[in-house]
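Using the sequences and the accompanying hints, generate a full structural model.
Protein chains in written order, with my numbering: chain D, 1 to 216; chain H, 1 to 216.
Be a bit skeptical, because a hint or two may be false.
One copy or two, either will do: identical chains are not told apart, so a pair holds if it fits within one copy or between any two.
With a cut-off of at most 20 Å between alpha-carbon atoms, the simulated DMTMM-like pairs for lysine to aspartate or glutamate come out as follows [claimed, not checked]:
no.	residue 1	residue 2
1	K192	D204
2	K151	D213
3	K154	D215
4	K151	E201
Hint data in this document are derived by calculation from the structure and do not stem from the laboratory.
There are 2 protein chains.
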Amino acid sequence: METSSKENTYERIIQASIKLFNERGERYVTTNHIVAHLGISPGNLYYYFKNKEAIIEEIFKRYEKELLAFIGVEVPQTEIEDALHYVGKIFDTMWNYRFIFMDLGGLFSRSKRLKALQKDYTLNRVEPLISGYLQALVDKGRLHMSAVDLKVFKHNFWLLCRYWYSYDKLRSGTLGSTSSARGSLLALGLLKPYLDEKDKETFDEYYSKKFQDMDW
Amino acid sequence: METSSKENTYERIIQASIKLFNERGERYVTTNHIVAHLGISPGNLYYYFKNKEAIIEEIFKRYEKELLAFIGVEVPQTEIEDALHYVGKIFDTMWNYRFIFMDLGGLFSRSKRLKALQKDYTLNRVEPLISGYLQALVDKGRLHMSAVDLKVFKHNFWLLCRYWYSYDKLRSGTLGSTSSARGSLLALGLLKPYLDEKDKETFDEYYSKKFQDMDW
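Take a look at the structure:
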């Protein structure tokens, strides 16, 4: 039973850290807060993680893995509902790890290792997948984009995904329950003008209704 | 002469702070660094500013004023060159105060007053001006945007402006001399699909050349 208890403590530390980081902001949560929240001793935490950065690194790897698990696997579908679903899933995954995106500059300036990890992740993993997904839709004639359009879109889309929660919090004062859905809508709004004419109409109808239901 | 010397010290503190904040990151610059850089006594600085936050607040107000001075006054022109110029000027102004945008979350989480200032600035000043500028171009028939398109664009455009420098630094590792120009191009890329067909061609020719000259 000892092994299972160890695994359990490791996992409980991770889950408690994600929860506290998301609620209070990573910068304001120390390992002392984490052990107090769990009712364990500091020594118990340090047995698994040498410091807070090690916990963050493990969480960052989980976020990466979770996001790549579907953006790398899902075959581009040609129905509008699938694009909505795909983008919605990106925002929902980021929501679960939103503390990362609330303070990207600060987080990465404090850890060179994490900064290197995220750079490799963005350049070598996420960007090629986004480009590939778009290119497949272009090849199928569902999107009308030049090579330059595609590059511009790739940057603007990823920038919007990464900074949406920070922007929304500064603008709205707090992150509400509709934040994720509003972020997805803005990201999809980037795509809309490139849709094939016949898709545009279907999209517009669906989109305008969703958009007007939200509080901006 | 005393007044002029006083004004001079006040101004020198502001200019040195902008320079050091931009070069090293605001978080890593203390009032001690500022006085050492200027060769003045700490008492001399505290005579003008009660703390670092007071310096930042003054700088933030200057940034606001500088940006509003042209986004609020320039009459929307219908030539593509004017739009390029307008967007370029936004990015250049932000470049001069880039430390603000490298760590927006951190900066505003440490100062409630600054957070309130920026919120009012975004909601009540910048957003209406951007919307007004776009609406004027729509009214003149140069942009084809529905009311929803315009709202989506307003958010995506402003989010891109605010977070571009942070995104570029994390992605490129450092901010280079072309950062401002690349940011403008991405922001203009948001506008392109809404241009009237005959403008689109002129725009595309100009844009593609500029885009391909840059290192992405």
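Legend entry - Hints breached by this structure: Hints that this structure does not satisfy do not exist here, as all of them hold.
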